[in-house]
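Visitor: Read off the chains here:
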Amino acid sequence: MIKTMELLPGVTLRCHADTRFKQGCLSFALVRPMNREEAAMNALIPAVLLRGSRNHPDLRAITLKLDDLYGAAVGTQVRRIGDYQTTGLSCGFMEDRFALGGDRILEDMVSFLRELLLEPVTEEDGFSRDYVESEKKNLISTIESELNNKGAYAMSRMLRAMCQADSYGIPRLGEAEDVAAIDTVSLYRHYRRILRESPIQIFYVGSAPAETVAGLLMPLLERIDRNYVNLPEQTPFHDAVGGEITERMEVAQGKLCLGYVTPITNRSGEFAAMQTMNNLFGAGMTSKLFTHVREKLSLCYSIGSGYYGSKGILTVSAGIDFAKEQQTREEIAAQLDAIRRGDITADELTAAKEAILSGLRSTHDAPGAIEGYYSTAALSGMGMTPEQYMEAVRAVTADQVAAAARSLTLHTTYFLKGVDA
Amino acid sequence: MNRYEYPEVGEALYRESLPNGLTLLVLPRPGFTKHLAYFVTDFGSIHTDFTLDGREIHAPAGIAHFLEHKMFDLPGRDISAELASLGAATNAFTSYDMTAYYISCTENFEAALKLLIEFVSTPYFTEESVQKEMGIIDQEIGMNADTPDSQVFECLMEVMYREHKIRIPILGTSESIREITPEILHDCHRAFYTPGNMILCVIGDVQPDRIRDIAEEMLGREARSVGQKLRPWQEDMTMVSNRFHRQMEVAMPMFHIAFKAEPVGTGEAAIRQEIVADLAAEALFGESSRLYLNLYEEGLIDSSFGGGFETIDGMAMLLCSGDSDDAEAVRTAILEQARNLVSLGIPEEDFLRMKRSAFGRRIRDLDSFSSTCFRLCAYTLSGYDYFRFPELYRSIESSEILAFLDRVVTEERCAMSLITPAKEAD
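Heads up: the sequence lines are chains A and B, in that order.
Residue numbers for the first sequence follow the numbering used here, so the first one is 1 and each next one is one higher.
Residue numbers for the second sequence follow the numbering used here, so the first one is 1001 and each next one is one higher.
It cannot be assumed that every hint is accurate.
Straight-line distance between alpha carbons at most 27 Å, and here's what the computed BS3-like set of lysine-lysine pairs gives [what the hints assert, rightly or not]:
#	chain 1	residue 1	chain 2	residue 2
1	A	65	A	137
2	B	1132	A	417
3	A	324	B	1132
4	B	1229	B	1070
5	A	324	A	296
6	A	324	B	1229
Estimated spans, in silico, between C-beta atoms of each pair [claimed, not checked]:
#	chain 1	residue 1	chain 2	residue 2	range
7	B	1122	A	327	28 to 34 Å
8	B	1420	A	230	24 to 30 Å
9	B	1095	A	104	37 to 43 Å
10	B	1005	A	250	52 to 58 Å
Since the hints were derived computationally from the structure, they do not count as laboratory data.
Think of the CB as a built atom: it goes at the ideal place given N, C-alpha and C, for glycine as much as any other residue.
Assemble the whole structure, with the sequences as input and the hints as a guide.
Guide: Encoded structure:
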C-alpha cells in the first residue's frame, strides 16, 4: 500500500514499503508548469547536478561513490505530465540485506542525494561554467538525435504542428535553441527559485518503513528555504488550426502520423471507456489496426495508437510504403468508423479490457512501475488507484467505447516520405 | 522438480531435463501477481545451414525471423486473440543465436502457458500466408534500413567478419526472404522446435511441479531428433576491413568500435571468460573508468556511450558505441588506455570496488522478470548456472582482466563503423 505524507507544505512523500524487491528506488522531483521559458532549463538542471557536489566535485568522485554503494545508480528524471514538467533525480540501489558486513546503503544514498541536490559545484553566482557548457552540448545532442528514430521524429513533428496553442507542443526536454541560450548564472538562480517554490514529489519503494524514510529526508528538506507556490490545475487541449503536413527526407520507409482530439480526458467519467477504445483500436496484436491494416492487408510492420489522457489527444502512427499513404489513411479511418458504429465483438472488448487490467494488476510487481503509476496519476489529475481504475475498466460497455470513438475528431496529419517518392 | 538454492542472491531455482529433452526452469516468486514464461529455441538467424535426418539444408537468410512471425498462425484460430481474452500479452524476438516466444499475464497463467507451448510447437504455413508475410517483413526491413543504430552495427559486422553469419542481418534481405517457402519453414521447425533443442522458463508465483506436468502434457514424453547445425564458419582474427563509413539522416555522427575476440565456447570455463571480459570492459571504458571520465569531460562522448562484451554462437567481441564528433580520437584513446592498464595494472582497491559494483548491479537486475528470464535462458544455452555469479566474481583476479585486454584490445583486432549526417544539398 502507498503511504502518503505531507512532509512540509507542498512536499509530498509517497512510500511503498515492500520487502519483495532486491533494490530500493527513491526519486525526487520538482513540479513545474510546462512552458517555453523554463522547459530547457528544467531539463538541463539535473544533468548539471550529476556532474559534481562539494564533497564529490567531479564525475570520477561521483562514480566511485556509487560503486562503493554497490553499483547504485542516480539518473536524471525529466517527465512531461500534461501541462506540467517534472525535473529531478532518481536513484536505484541494492537492498541492505545483500550487502556485506551490515553496510547501510539507503542511509548513505539519501545523504548523497542531499549533497547532489543542495551542494552543487558553483563559481561566482552560478553553476560551474564547464559543467553547464558540457551538459548543454549533451542535452542539445539528445534533443537533436530524435531525428535518428524516424518514428519518434515524425510523431514529434505531428504533435508540434497539432499543439501550436498547447503546452503539449513543447518537447519534453525543451527546444535545442533554448538550451543553447542558457547561461550559468540565470540557470543557478532559476534552480534556487524552483527549489523554493515548486511542489516537490518524493517517492520511495523499498523495505524501509515510511517513517524511517521521512526521518532520513528531513535534514535535506529543512535546508531548503521553502516558499511554496501552488500550480494551476491541468487543462484540456487548447485548440489551434490543424492541417496536413508532408515532409521529405532521405528515408526508405514512410511514416504516417495522425492526431485526433477528444473532450475526454483522464479527469472525465468516460476516461476508462476512451482508454479501452484506444486499446481496441490500436494497442497490441488484437487491435483493429494491427489485425486489419497489418495482418490482413500487409500494409505495414508497425502500426499503433496512443491516448494522452491528460490532454485528450489520440495519435496513430504507421510505417508504410510511400505509395500506400492514401490506402492506409482510408483503412485507419474505416477501422475507427467501425468502432464508432459499434462494430465491436465481445472478444475484442474483452481483449482490450484484459490488456489494461493485466497491466494495472502487475503495477505493484516492479519498483519502477509503482513509482511511474503513482507519480503520474497524482500529477495528471487522474487520481485513481490501480484498483479504482480497474473497477472503472471492468464496467466499460461496447456502447461506451463506440461513444468514446465518436468523440474523436481528426485534427492533424503528418507524412514523412522519401526525397524522390 | 529439483530445487537449487542460491542464498547469496536470494533465489531458489527449480531445474530439470524432461524425458522429452526439454530443459525446464522455474523461478517461483511468491507474492507477485505477474507471471512470465519464455519458450526459447536454440536457433537464431545464423543457423541457416544444418542437416536433418541425413539431409543437408541451406535455408535463405532471414529464415529464423520469418519463422518466428509465422508461428503465430494456427489453422482457423487467432492465437493473439485467444491469449488476449485471457489477459495475456504475447510477443517474440529473434536474435543471432536464439528465438524466444513469451507471454506475460496476471491471471489465467496455466491456460496461457498451454497456449504458448501449443502455438510454438504447431507448424502451420500456407503459400498464401507466407506470401502475405513477405509484405510485412519487407516493411520491417525498410524500417531497419532507416534505423541508424541497426545500420551502424550491421555494417560493422559486415566488415569485421569474413565467414561468420553475423555478417548477415537477422531480418535477411528483401531478396532472400523471397526464397522462403512453406516447405523450408517446416524443415526448420522440425529441426529446431523440438523439446531437445528448447528451454521453457517460468517466473512467478507458481507451483513448479504443476509447470512440469503442463509441459509434459503438452509436449509428450518422447524425445525427437534435433537438427545438426553445420556452422560453416572458420573465423580467424583478421577482418575484411577495419573501417566502415556511410552517411544517413542522423543528427550527429555515431560510431561502433569493436575488438574481435575468440569465441568462448560453452560450460563453466566459458562463463568465467565472459565475466572476465565483462569486467575488462568495465575497467577499460565503464562509467567509472578513467577513460570514460576523460572522454566525457573532453566532450568526446556523452551519456549515450556504452559497451560490453558480446558473445554469440561462434563469435565474441568487445563492443562500444556512442555519438561523437571525433570517433577516431575515441578509438585511439581506447587503444592507448588498454596499453596503460596492461602495463600499470589495476590497483587492488579499484578492482574490488569494481567487482562490488558489478555484483550490486546484477543483484538489482534480478527484480526485472524479463531480464532475469532472458539471462537464465541464455546462460542455460551456454551450459551455465546463472545464479552462481557471486562466486565467480569472488574468484576472478585482475591478472585475468589484463590478460584479456592485452590479447584483444589491439590495433589489429579493432574495427570501427561510422555513420555521419548526410550533407545538405546546396
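Visitor: All hints are to be evaluated individually against the structure, with a verdict given for each.
Guide: Do the hints match the structure? See the list:
| no. | hint | result |
| --- | --- | --- |
| 1 | A/65 - A/137 | holds, 25 Å |
| 2 | B/1132 - A/417 | holds, 24 Å |
| 3 | A/324 - B/1132 | holds, 16 Å |
| 4 | B/1229 - B/1070 | holds, 22 Å |
| 5 | A/324 - A/296 | holds, 15 Å |
| 6 | A/324 - B/1229 | violated, 41 Å |
| 7 | B/1122 - A/327: 28 to 34 Å | holds, 33 Å |
| 8 | B/1420 - A/230: 24 to 30 Å | violated, 49 Å |
| 9 | B/1095 - A/104: 37 to 43 Å | holds, 40 Å |
| 10 | B/1005 - A/250: 52 to 58 Å | holds, 57 Å |
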